Every structure is written in structure tokens, then in C-alpha cells.
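Chains as they are written, first to last, in this note's numbering: chain E, 17 to 264; chain H, 5 to 278; chain W, 201 to 487.
These aren't lab readings, by the way, just hints derived from the structure by calculation. Owing to the predicted nature of the structure, the values given are computational and were not obtained by experimental measurement. One thing to keep in mind: the hints can contain errors.
Covered by chain W, according to a simulated footprint, are these stretches of chain E (three or more residues, beta-carbon under 8 Å) [stated by the list, open to error]:
1. 90 to 96
2. 230 to 240
So the derived list for chain W, only partly shown, Cβ under 8 Å to chain E, looks like this [stated by the list, open to error]:
3. A325
4. V329
5. Y333
6. M424
7. P427
8. L428
9. L454
10. I455
11. L462
12. C469
13. A473
14. W475
Idealized CB from N, CA, C, for every residue including glycine.
Now for the letters of each chain:
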Amino acid sequence: MEAIWSWFEWLYEAHGVNLSIFYDSLDRDRFFFGLLTTIRLSLICIVASVVIGVVGAWLQTSRFKWTSRLVQGYIQFFRNTPPLVQLYFFFFAIGGVLPKVPDASGHMVPPIGNFTWAAISLSFFAGAFNVEIFRAGIEAVPKSTSEAAEALGYTRLQSYIYIILPLAFRVCLPSLNNNLVNLVKTTTLAYVIAVPELLYVSSQIWSDQFNVREMMNVLLFTYVGLVAVLVFMMHRWEKTLKIPGYGR
Amino acid sequence: MSKWFATICTVFLCLVAGAGASLADTYEAIKKRGKIVVGVKADYRPWGYRDPSGELVGLEIDMAKDLADTLAVDLELVPVVGSNRMEFLNQEKIDIIIATMGDNMKRRKVVTMIEPNYYAGGTNIIASKAAGFENWTDLKNQKICGIQGAYYNRRVLQLYKIDLVAFKGVPEAVNALQQGSCVGFVYDNTWIEKTLAEGGEWEAYEMPFETEDPSVWAIGVRHEDADSPFGLMVKGKVADWHRTGWLLEHEQKWGIKRSPFLVEMNEALKTRAK
Amino acid sequence: MSGARKHRSVGGTGNLAVLKPFSLHNAAPSAWRLQPGHGYMLFAALVLFVLVGEVQAAPARPSIIATMWKWTPFLLQGFAFNILISFVSIIIGTMAGAALGLGQISVSRPIRAVSWTVTQFFRNAPWLVLLFYCIFLIPFEFELFGVTIPFPAWIKAVIGLSLPVMANFSEIVRGAVQSIPDGQWEAAESLAYTRRQTLWLIVLPQCIKRMLPPWMNLYAVLTMATPLVSIVGVGEGMTTTGEILAAENRSDLLIPFYMYLLCLFFIYCYPIARWTISLERKFAVKI
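Chain E with its partners taken away, still in its complex shape:
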């Protein structure tokens, strides 16, 4: 291992390619922690936004006019405003007025930290798109199917969970994948509220080492790689969940 690290040091000295994330232990720790944070943030947001999508789509089918109106207001607000400003609004504006709580060492801290705010804000943003995606999927399920479920004694919630959702989910998987890939790309925004994800740690490193060019290329390829892994997994999943006889 040491040999590899020192090879990168040689690379810098001999050719000026400064990949400090390999030979400098501080930078290395920072970078891999950043990678881990990005993955963690992405996974949390993916799960949370899908849950928001499922619940939101169910609420939209509600018989109460105001429930669906509220959901619709949420969707339109989050779809038509910049996610960056949303993040600022959540972290600085809302985060600033919440009552503070004492932490382990007795400091008064806000109840929600920057990582959590990033997760909340990005999940709501992606969730707004997911609601629409799931709703479209649900509308693709014929009414006769839910009528049949009702005839078999399913309640509205039961038929949603056991009958409609599994069908709708498979239909909207392609659009869902698209949105989730976008979500992973959007996690870079957490940079602005100092969540130590990939972009943030990279900017710290290039400020210290003046190796913008190298870090930029590392960053670009890391993200394209991450997205490629996600796309690959989602495609496998899509294939497994394919409804037989439907689609090509």
C-alpha cells in the first residue's frame, strides 16, 4: 500500500500531477470520507423521496379536496423553484428559527444538523417529482383492478398497498430511475451548507494544494462512475421486475 502512495508522490514530483488524495494522509482521509458521505446522503434521499412519492400519490387520490390540494401545492412549489434556494431556505431560514437544544457537551445546538437538512431538503425536492411519477403509474392501473380488489373485501389502503402500488411501481420504474439519477447528481448542492460530501472535500483539498485541475478530473470521473453504478443496478432491477408479456 505504502508503495502505491509513494508512487503518487513521485508522480507529483516528477510530472507535476498532484493527486494529493493518494499520498497525503489528511487529504486521503478527507476524500474517502467525502465519498462515503455522498453515498450515504444519496441512499437516504433515495429511500426518503420514494416514500414521499408513494405517500403523496396516495394522498392525491384522497376524497378530501384539501388533502390533494395541499399535495399539489407542495409539488408545484418544489418543482418550480431552484433546489439551491430551497436548501438555503431550509438550512438558514427555517433552521435559524427552530428552538435550540443542548448537546452532549452542553452547547446549545439546533435540533437538525446540516447533513440532515440536506437530506430533508433534497428528499422533498426529488419527492415532488416522485409523487407525479407514481400518480401517473397509478393512473395506468385500470379502475376495474381496484374494483376487483374492493369486491374481494380490500380496504382502500389495502388495495393501494397490495394491488395498485406493485403494478404501478413497475410501470413507473423507468421514470423513477431517471429522477433518482438526477437526485444523486443534486446531492452536490449540499456543498453550499458545508456538508462534507465529495465536492466539498474536493474544494477543501484544491484550496490547500492548488491542484484544481487534478481534483476536477477526479471529481468528474467519480460522479460519472457513481451514477453508472446506480444506473446499472436500477436496470437490473427493472429487468427483474418486468411484467411478463408487457413491454419489449
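Since the structure of chain E is provided, determine the placement of chains H and W on it from the hints.
Frame of chain E, contents of chains H and W only:
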């Protein structure tokens, strides 16, 4: 946005007339276009910030104005932040940096620092009195706000093992401090002193430590201007500001606490002039 | 998008009666969808936030509404720059994306492969990273035919935003061309049209209609990405808001001012979203 339209027009004029932007001699270039472009802070009261009409004002803006007057050219101010100012200078987006830039060896590799320096500050933190910090070592594993690209980040990270939460600019870091996302904000002591003097919301805060890592601030120019007429002219101007007490006067005008560095420089240069 | 199309075409064949034709936007039967009412609700929320802030504010300070009014011209200037950036980026991105999209359906295998790779790469890279990349790594000027073309930061930011727009539009073009039934190509061929003639005279004119709604969608996404340029040091609405807050130095202004900025974006993007959906319905392919 007239500034932007001016930029667009300049771009197109350059395209049409085929006038090169890169002239070896910055002095000639400034004279030729009749305008000096200065990179300044827009979020650092009272050195460079916005008034309600959107105009940039502050001590460093006064310095830029004085420089433009001396050259008898117009002044264009470009707001910069810590992480982009040196790139802007070397890409010739700006002619000169007057943006609270600390002078150190690593930066000297990238840009030329004009000597004499025009101000001196050090690193300190602003924290709520309730936190009860007494020593720099108390900061271990504490969440401390900071600014992206600040030169002291690496030092305090390694020395005191703080958990640095770095933001793009001062407003973000201050908000994060006020809402308690971090227990302190590591920054220049001059800014902290000025802010604490404002009172109000800041009465519950303090600057608990001795200022460390004294660092002088310098105007930055490109390396090729180190000994060019432009560079020499700026050097002479800074020395003048010190000697005539111009800096001391303006320090007072903008309500900055009297800095020993400026008094010292004023004395030294005054006697040397005699 | 691609999923929507696939299922729509298959739904007509009726080989399984489990699902109806699936589409993201056309299947919106509800009358309450996208009404100005949501705009009013947003405005009401803004007023509410301002009033709450007003109550909290210390009496000695100028009122929040007065402060917001004082800074409005400056904020609008910043927001106007967001719109300017979005216009320039969509123009550059659309032109480059059209070329790349046609490359993706080229008969030449290498061109197709290169276009596909470029498209996928820029589609899958985060916008913010591309922005950083362009800001830091594009040289500040180019020599072209002996003429030096300067590249100020905001132009580099525009290029940075154009790259993902280009890649997404490339996919829109490819998708639209492939949504034209093969039968039309075959019919044109039997009428002795060359490939180029078929593409320009028969296929592309039909594609324009199909590309318009996703293109407008892309524009809305782009507009909402423009605040990103503030992170790389190019001034716009977000920068303006930050500078106002720094100048005022009052924590009670945070919510009203960020809400104000959100409202500006909403007022601009919401009508575009409505219009997109109405066009989508109008141009929907009937099967």
C-alpha cells in the same frame, strides 16, 4: 446590471475590433482601455460590501478608487470570494486584488504580493460566551464555522483537530454561527473585533483567545507585474497611504479599531521619509 | 421520458389488459391541476412569513416590508441576470444538442458511438461539478485566427450550464426521431426519398412538435439551475440576496428574503410549466 451590459459590450467590441485583451504591460493595458478592474469583497463589512443602491462601498473600495484616480482611469469593481480571487487575477478577469487577502508563501507562488502590506490581522474565533472556551485546544472535535479557501484552514485543522464547517462567504458562516450549527467561527480578528463592537445580537459573543498566526494583508498582482511600471506604481501608492496617514484616516472613517500595525508602519515610513 | 413512450406505443397492441397506456403528463384528468390558486397560496405564505418576522422584529428597526421594498430594484437586477444566463445557455445548449442528437442517429457507427458517449457523459455528470470544471479549467481567452477572444467568468458559467443542456437535448432529439414509426421511413424510401430528404422533409418536421414540451421542461430545469453560478462567483439573484443579507446583518430578514427569491422563481417558472403541460396535451400522440 449596467456593469454586465458593459461587459457584454466589451466582449463584442473585442471580437469586432480584434483587440487583444492580453497585453504584456498591465499599465499600458489599463491606460488603453481607460479602466482598471479591481477584485474586491462584497460581503466583508466594512472592507467591501453593498449599500442599498447595490453600490460597493468600504475601505478597500476607497483604496481602489484612489488607485484609479492616481492612474486617471475609470474604476470597475468585480466582487470576488476567497476561493476564486487568485484564479480571476491570473485569468486577467481582474487587474489587481484588493480583497482582504492574507500574505503567505504558498499564495506567493500563485500571485505577487505587493509590499508594503496594507493591513495586518490574525486568526481568532468568535464564539458565544456560553460556550466558555479558554484555550485553542478546547476546540478539539468541536464544530467550527469557517470560510472556503481561507489560508489558515489547514493550519487550524491540523493543529487543533477542529471539525471545520466551511461556507462560501461570511453571511452563511455568520448565520450558521447564530443558529448554533457551529460553536465558533474562525476568521480574521479584525472582522471579529469590528463585529463585536456593534453590540446588539453580538453581545452574547466573545473572542476568547489570543490572536494567533499573525498575517499581513497584501494587494495582489500577477507575477509579470512584480517589477512592471504598474506593480511599482501600486507599491509606491501603498507606501504613500501609510506615510501620509491615509490608511489610519480611512480606518477611522469605516469604524475599524485602531490597528497597531498601521500606526507602526506610519511611524516607520514617516521617519524614513525624513 | 423514454419509458413513457415505450409503454404508450405498446399499450395500443393490447396484448395484456392489466395496464392502461402509461404517460407522465397527459393522463391528468383532474380539473384542479395547475391553477393560479397555487400562486396565490404562495403569495399568502410570503405575506405570512413577513408578518411573523414583523412581530418578532425589534421595534427600533425598520420594518421588514420597508426593507424588502428598499432592496427590490437591486434584487430584481440580480434575478434579471438569472434569466439572461438561462436564455444564452438554452440557445447554446440547444444548438450543440441538436448536432449531437443527429450524431446519435447517424448511419456512421463511429459518429454514433462518439455522440452517444458524449451525451451519456454530460448527462450523468452533476451540473455543479461541470460548472466548477468550466470556471477553473477553461482558459481565460482563446486565440482564433489571430484574434484574442476573452472569456470572462460569466461566459464560462454559461458554457458550464450549456453542457448538460446539450446532452439532455441530444436525448430529446434522438427520442423524438425514434418515436416516428418505421413505416414512415420505409414509405419515404419507396417514394425514392434519400435518407437526408426523409430526415429533413418528413421526420424532423414532425419531431419539432414532439420536442417542444420536453425542451420547455429542460428550459425550466435550466432556469432553476442558474443560481448555481453564484457558487462559482458569478453574480445573480442568489448572490444579490446574500449581499443584501450581509449589508443588513439582521437574522430576522433571512426567511422573508429567501422566500422572496423563491417566489420570483416560482412566478417565472410556474407559467412555463403550465404552458408545457397544455402543449403536451395538444401535441399528444393519439393511438
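Outcome of the hint check:
1. 90 to 96: holds (count 4)
2. 230 to 240: holds (count 5)
3. A325: 6 Å, holds
4. V329: Nearest chain E Cβ about 5 Å off; hint holds.
5. Y333: Given a least distance of 5 Å, the restraint on W/Y333 holds.
6. M424: This hint holds: W/M424 lies near chain E, its Cβ roughly 4 Å from the closest one there, short of 8 Å.
7. P427: With a minimum Cβ separation of about 5 Å from chain E (threshold 8 Å), the hint on W/P427 holds.
8. L428: Check passed: Cβ of W/L428 comes within 6 Å of chain E, closer than 8 Å.
9. L454: 4 Å, holds
10. I455: OK, holds: W/I455 within 8 Å of chain E, min 4 Å.
11. L462: Status holds, d = 5 Å.
12. C469: 4 Å, holds
13. A473: 6 Å, holds
14. W475: 12 Å, violated
Hint check: a violation occurs at hint 14 only; the rest are consistent with the structure.
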